[in-house]
Amino acid sequence: MADKVIFAMYDDDDKLMDGAKHLVSNDVKVSDVYSPMPLHGIDSIIGVEPTRLAITAFMYGITGVMLAIIGIRYMMIVDWPMNIGGKPNFSLKENMLSFVPIFFEFTVLCAAHGMAITYLIRNKTLPGMPPRNPDPRTTDDKFVMEIKTSENTHIKESVLSKLIKDTGFLEIEEKSIL
Amino acid sequence: MHKESDIRLPLILGDKSYKDITDDIIRPIEANPPKTWYILLMISIVIALWGIGCIVYLLGTGVGSWGLNKTVGWAWDITNFVWWVGIGHAGTLISAVLLLFRQKWRFAINRAAEAMTIFAVFMAGLFPLIHMGRLWLGYWVFPLPNQFGSLWVNFNSPLLWDVFAISTYLSVSLVFWYIGLIPDFATIRDRVTKPIYKKVYRVLSFGWTGDAKAWNRFEQVSLVLAGLATPLVFSVHSIVSFDFATSVIPGWHTTIFPPYFVSGAVFSGFAMVQTLMLILRKAYKLEAYLHVKHVEYMNIVIIVTGSIVGVAYITELFVSWYSGVEYESYAFLNRATGPYWWSYWAMMTCNVISPQLFWFKKLRTSLMFSFFMSIIINIGMWFERFVIIVTSLHRDYVPSSWTYFHPTWVDIGVYMGTIGIFFVFYLLFSRYFPVLPIAELKTILKSSGKNYKEGYGKGKGYWDKHSAH
Numbered sequence: 123m124a125d126k127v128i129f130a131m132y133d134d135d136d137k138l139m140d141g142a143k144h145l146v147s148n149d150v151k152v153s154d155v156y157s158p159m160p161l162h163g164i165d166s167i168i169g170v171e172p173t174r175l176a177i178t179a180f181m182y183g184i185t186g187v188m189l190a191i192i193g194i195r196y197m198m199i200v201d202w203p204m205n206i207g208g209k210p211n212f213s214l215k216e217n218m219l220s221f222v223p224i225f226f227e228f229t230v231l232c233a234a235h236g237m238a239i240t241y242l243i244r245n246k247t248l249p250g251m252p253p254r255n256p257d258p259r260t261t262d263d264k265f266v267m268e269i270k271t272s273e274n275t276h277i278k279e280s281v282l283s284k285l286i287k288d289t290g291f292l293e294i295e296e297k298s299i300l
Numbered sequence: 006m007h008k009e010s011d012i013r014l015p016l017i018l019g020d021k022s023y024k025d026i027t028d029d030i031i032r033p034i035e036a037n038p039p040k041t042w043y044i045l046l047m048i049s050i051v052i053a054l055w056g057i058g059c060i061v062y063l064l065g066t067g068v069g070s071w072g073l074n075k076t077v078g079w080a081w082d083i084t085n086f087v088w089w090v091g092i093g094h095a096g097t098l099i100s101a102v103l104l105l106f107r108q109k110w111r112f113a114i115n116r117a118a119e120a121m122t123i124f125a126v127f128m129a130g131l132f133p134l135i136h137m138g139r140l141w142l143g144y145w146v147f148p149l150p151n152q153f154g155s156l157w158v159n160f161n162s163p164l165l166w167d168v169f170a171i172s173t174y175l176s177v178s179l180v181f182w183y184i185g186l187i188p189d190f191a192t193i194r195d196r197v198t199k200p201i202y203k204k205v206y207r208v209l210s211f212g213w214t215g216d217a218k219a220w221n222r223f224e225q226v227s228l229v230l231a232g233l234a235t236p237l238v239f240s241v242h243s244i245v246s247f248d249f250a251t252s253v254i255p256g257w258h259t260t261i262f263p264p265y266f267v268s269g270a271v272f273s274g275f276a277m278v279q280t281l282m283l284i285l286r287k288a289y290k291l292e293a294y295l296h297v298k299h300v301e302y303m304n305i306v307i308i309v310t311g312s313i314v315g316v317a318y319i320t321e322l323f324v325s326w327y328s329g330v331e332y333e334s335y336a337f338l339n340r341a342t343g344p345y346w347w348s349y350w351a352m353m354t355c356n357v358i359s360p361q362l363f364w365f366k367k368l369r370t371s372l373m374f375s376f377f378m379s380i381i382i383n384i385g386m387w388f389e390r391f392v393i394i395v396t397s398l399h400r401d402y403v404p405s406s407w408t409y410f411h412p413t414w415v416d417i418g419v420y421m422g423t424i425g426i427f428f429v430f431y432l433l434f435s436r437y438f439p440v441l442p443i444a445e446l447k448t449i450l451k452s453s454g455k456n457y458k459e460g461y462g463k464g465k466g467y468w469d470k471h472s473a474h
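So the protein lines, in turn, are chains A and B.
One rule links them: number in this note's numbering = place in the first sequence (from 1) + 122.
One rule links them: number in this note's numbering = place in the second sequence (from 1) + 5.
Warning: the hint list may mix true and false statements.
Using 20 Å as the maximum straight-line C-alpha spacing, the simulated SDA-like pairs for lysine to any residue come out as follows [as the list claims (entries may be wrong)]:
1. Lys203(B) to Glu293(A)
2. Lys246(A) to Trp182(B)
3. Lys126(A) to Lys246(A)
4. Lys209(A) to His258(B)
5. Lys204(B) to Leu372(B)
6. Lys24(B) to Glu293(A)
7. Lys204(B) to Leu282(A)
8. Lys204(B) to Pro252(A)
9. Lys203(B) to Asp257(A)
10. Lys137(A) to Asp257(A)
11. Lys218(B) to Asp136(A)
12. Lys126(A) to Asp262(A)
13. Lys137(A) to Lys126(A)
14. Lys137(A) to Pro252(A)
15. Lys24(B) to Ser147(A)
Read the hints as simulated data drawn from the structure, not as lab findings.
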């Protein structure tokens, strides 16, 4: 069997969802879905793992708070303790309260930017990257399901095309992968 | 699909499809701008250039060209700074807090409000920088290694907290805004025909594809950013209030300042959103997406925050008397009856009395009245900052240094100039960027669109009869 990618296009999100459910219940592996907006519930149907980006945000946040504590301790306590209005900086513990605002801001700064950069890299969305959606209409009002024959070798090709036909697609396109 | 209660007024009016949403929002970008846009842009550019001229004059001559004197060392500069930061609080609040509360009506205003936030914070940041006098040394506010002399910035100082708070707020808001814009830029990229547009939007859209995993990550990132931005919004204006609250000036060192400033910021931010959105919806024919119900929701937020501000003013007055501290009592008595009585009563009328009119349903659902009120609130909130800053300073402990502040043409020029620069940015944004979140509006079409709601509950024409109430 030649290795092919099948793109089935739908004009409604509910049709695509029902179609995906139908295919998956018949043991077809749907490799991806392209849509103009987030489709709630599609992840569990086609088996997309939940993202771990929130965990990275937490880790970046921890890094941020650590950096802020180390940095402020070095600058204000170790390197150049200031005596302001008779309230000198001789210990981190005693001065902690007035350092809290910057601890907080720096934590948020690191968590937000760290997560955003990770998100852009993981999504392969960076300035100048080429778009990879199969049809320009998928960012407007069309929904496309991607099925690879290489992932569905356990199903006969005629059965597969019958199953896809049952989903009531609008257009279908097949591409051979070289 | 999430079903919404039948009696809830639909958020998207008219018989809209996914395609219509794309068309309605991208059409103004593809079409040639109308003449009024050019006229407004020209006016804004002229005002902006005048403002930049004033800033250049100020930097060349010195901060003395402002009307400041030995007693009133802070006046319009910091008033404008706090005013712009306050306005800059609505955007991220709308996107972040309303996202956490799953308020779907935010989609009518979040994109433009976030843009407003970013431009407003730019304008705010300008004032402390030019107040330094030597703008080019502005980077000295950051903790830099010691080749500049063995002294670090003071991490105990609220002014330094402000540096960190404002720069964090600006950059996080920018990231939040842009992450939401990426899928919409992709929609424009896949649609426009002009080659130059195609190229530019291709770069701006970062190669967005819209596959299932990307959307999954998109939603997670939006949620976590909202979770981070919510405490950030509250912290930023609390820290701005610490600039005053941690000082020893009667009228400034009050513990009520953080919550009072935060609600004042939200109050003025929503007012500015109203001012801008009511014009935008008319100019871009977005009546189906932003209608009376959205305006009413915003007006309700204005009543709540306006009332908090009102209670704070009265609490301040009461405590100044109840504390028994003469200086404190005098500061407040002087505000209301001293030489600046007019600014105090302008503030009281605009911020305390006028928002209470929104208790009348007729008034809060009137677009004309809401627009008028939004201007009044913007003015009132400027006066609030003026009252706090100037009336507290102009009476010193030593009566011989009592004085009155007169703004110079440079004060006025710089302030007007920032309004001009702001509108230049905003007009360019409304021209080349999607003013509503296209992808996110599509997610609520089936649960809150008028045609879909009629399909599963009310009969055809039901909302036309009932939407005006």
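Here's how the hints hold up against the structure:
1. Pair hint lysine 203(B) plus glutamate 293(A) does not hold up; C-alpha atoms about 26 Å apart against a cutoff of 20 Å.
2. As the CA atoms of lysine 246(A) and tryptophan 182(B) are separated by approximately 19 Å, the hinted pair is consistent with the 20 Å bound.
3. Restraint check for lysine 126(A) and lysine 246(A): not satisfied, since their Cα atoms lie roughly 24 Å apart, outside the 20 Å limit.
4. Between lysine 209(A) and histidine 258(B) the CA atoms are separated by roughly 19 Å; this keeps the pair inside 20 Å, and the hint holds.
5. Using a Cα cut-off of 20 Å, the hinted pair lysine 204(B) and leucine 372(B) is violated, with the two alpha carbons roughly 39 Å apart.
6. For the suggested pair lysine 24(B) and glutamate 293(A), the alpha carbons sit about 17 Å apart, so the restraint of at most 20 Å is met.
7. For the hint linking lysine 204(B) to leucine 282(A), the alpha-carbon distance of about 39 Å lies beyond 20 Å, and the restraint is violated.
8. Note on lysine 204(B) and proline 252(A): the hinted pairing holds, with a Cα-Cα distance of about 11 Å set against a maximum of 20 Å.
9. As the CA atoms of lysine 203(B) and aspartate 257(A) are separated by approximately 15 Å, the hinted pair is consistent with the 20 Å bound.
10. Under the criterion of a C-alpha separation no larger than 20 Å, the hint pairing lysine 137(A) with aspartate 257(A) is consistent with the structure, at around 18 Å.
11. Annotation: proposed proximity of lysine 218(B) to aspartate 136(A) holds, straight-line Cα distance about 18 Å (limit 20 Å).
12. Simply put, lysine 126(A) and aspartate 262(A) have alpha-carbon atoms about 26 Å apart, too far for the 20 Å limit, and the pair is violated.
13. About 23 Å separates the Cα atoms of lysine 137(A) and lysine 126(A), which puts this hinted pair outside 20 Å; it is violated.
14. Our distance criterion of 20 Å between C-alpha atoms is broken by lysine 137(A) and proline 252(A), whose separation comes to about 29 Å.
15. For a cut-off of 20 Å, the pair hint linking lysine 24(B) to serine 147(A) is broken: about 31 Å separates their Cα positions.
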